[in-house]
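Chemist: Model the full assembly from the supplied sequences, consistent with the hints where possible.
Chains F and L, in that order, are what the protein sequence lines are. The numbering used here puts the first residue of the first sequence at 1, with every later residue one more than the last. The numbering used here puts the first residue of the second sequence at 1, with every later residue one more than the last.
Take these hints with a grain of salt, some might be off.
To be verified - On the chain F side, residues computed to face chain L include the following (Cβ under 10 Å):
#1 Leu106
#2 Gly307
#3 Gly350
Said to hold, decoys possible - Coverage of chain F stretches by chain L, computed from C-beta distances (three or more under 8 Å per stretch; other residues unrestricted):
#4 252–266
#5 371–384
If you are wondering where the hints come from, they were derived from the structure by calculation, not from laboratory data. The C-beta atom is built at its ideal place from N, Cα and C for all residues, glycine as well.
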Amino acid sequence: MNEIIYLDNAATTPVKEEVLQEMLPWFAQFYGNPSSHYSIGYETKDAIDKARAQVAAALNCQPSEVYFTGCGTESDNWAIKGSALRLAPKGKKHLITSAIEHHAVLHAMRSLEQQGFEVTYLPVDSKGFVSPEDLKAAIRPDTALVSIMMANNEIGTIEPIAKLGAVCREKGVCFHTDAVQAAGAIPIDVQAMNIDMLSLSAHKFNGPKGCGVLYIRKGIAPLNLLDGGGQEGRRRAGTENVAGIVGLGKALELAVSSLEQKAAHQKALRDYVVQRILKNIPEARLNGDADKRLPGNASISFPGLEGETILLDLDMHGICASTGSACNSDSLDPSHVLLAIGLPHEIAHGTMRFSFGPQNTQEEAEFLCETLEQIIPNRRAMSPIWNSRKA
Amino acid sequence: MAMYSAKVMDHFAHPRNVGELEDANGVGEVGNAKCGDIMRMYLKVENNVITDVRFMTFGCGAAIATSSMATELIKGKSLDEALKLTNKAVVEALDGLPPVKVHCSVLAEQAIKAAIADYYTRLGIDPEPIVGKLADDAHDHDHHCSSCEGGCSCDH
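Modeler: Structural data, given as structure tokens:
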């Protein structure tokens with residue numbers, strides 16, 4: 001079998017053909033600088049405005065509240081560091097986040113801690129949920145920002161964002177959410193969900209890599225990370241990635257217009273795999289919540305094994321998946337998310353993430369199950385800890 | 001570029017000498033589940049020669065490949081020769097390992113030493129003068145794994 005079966009759509013996704021076609025003219029044919037005052041500059045400026053409107057429609061905000069960035073990580077850093085630096089002179093040097101955020105948020109927080117800020121890391125329960133009561137109790141008069149992800153990249157848990165946002169509103173604290181995994185996968189409404197700032201990234205919903213968005217509610221002003229020209233309302237300098245922005249707008253529009261259909265397809269494949277694996281592979285367990293989870297996410301632990309073993313075996317069968325999350329593949333630590341939901345280290349080490357996309361098929365889901373049913377017992381047979389458990 | 005050499009992948013996909021050895025007269029186990037790798041080495045020693053060897057490993061691809069390679073390197077060798085096996089020799093035989101995985105080769109070396117020490121202990125001989133002081137465990141520390149930057153005990 002030479003075909004690749006790509007089940008790592010939470011890491012990145014292929015660019016949709018329709019999106020690619022929409023992007024292509026903006027490289028060589030329409031190449032004007034959007035800041036230039038002549039015809040070919042106006043063309044690219046219009047293209048960016050169109051994408052901005054597409055994003056605004058998807059999030060239920062004003063186009064003037066949409067800022068294009070270089071990636072989701074930049075959006076997170078901007079929201080967090082920009083808010084902290086803006087409010088520090090007013091004595092607000094405390095931030096709140098959760099223990100299961102993406103490293104783009106956690107490491108931005110660590111960096112602020114090194115600069116004298118204080119950060120509260122809210123715990124999560126065994127399903128990965130942050131409690132609005134915990135948040136309420138953690139907010140202080142000097143809290144500058146709360147940042148809680150909309151949906152977790154590893155275990156797929158969807159946080160109660162509207163409730164968390166309501167707590168922040170009530171307390172008058174700015175609320176940012178990293179929606180990188182959620183955008184284009186589940187419905188988002190920044191008004192209804194009480195969100196002040198939101199990060200998203202095009203490559204997670206079949207758009208191009210290297211293009212993100214930070215939504216910033218009118219009236220909120222995180223300090224700029226990039227100063228320079230007057231792009232993005234003087235708040236994010238740098239000549240715009242026009243083709244990327246066009247691709248982001250188109251991809252998000254397509255994802256949102258087919259959201260239910262797409263989710264139903266992903267869910268069907270995921271539920272098939274989860275049910276079959278839990279039934280056929282002893283002691284396999286699903287991480288995260290059964291209902292409030294991203295439609296394409298299956299995070300499954302296989303006690304007795306180390307995840308990389310499974311990853312390599314799957315790769316030899318042409319299947320691309322992930323242990324924990326892709327960002328961790330160079331680290332020996334088990335995932336901070338899996339530890340935060342209370343998994344023992346050795347079980348956290350044996351955890352795989354399968355993430356389904358619109359392009360995946362039932363045949364691929366079946367092939368994944370067949371392959372796992374073959375490789376897991378095979379590798380467990382040489383595992384001393386599985387053997388001791390069974391002895 | 002792939003993370004592992006073709007040799008590592010060969011030993012991972014087709015591990016040599018895998019399983020338990022019922023008539024082993026030396027068994028050593030190193031590593032810990034918390035850090036994500038445990039190696040158990042079984043030796044059958046006759047007239048000071050390792051006539052048979054098996055391993056059981058919980059761990060990553062490199063842990064399995066280094067275990068497998070280490071068993072090949074000591075099978076048929078005298079105990080003295082086996083004790084001279086270094087983690088470097090295992091790494092070289094595998095055409096290299098990513099830096100973050102070098103600790104696996106240290107575990108393999110220690111698993112062999114632990115098994116030989118067990119062999120001597122069973123004979124009523126103090127293994128320490130022969131095998132040297134065994135690090136309790138390449139990973140036996142309370143720190144989070146990141147604290148050793150993947151180099152657990154390599155520079156001990």
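Chemist: Work down the list of hints and note, for each, if the structure agrees.
Modeler: We went through each hint and held it up to the structure:
no.	hint	verdict
1	Leu106	violated, 13 Å
2	Gly307	holds, 8 Å
3	Gly350	holds, 9 Å
4	252–266	violated (count 0)
5	371–384	holds (count 4)
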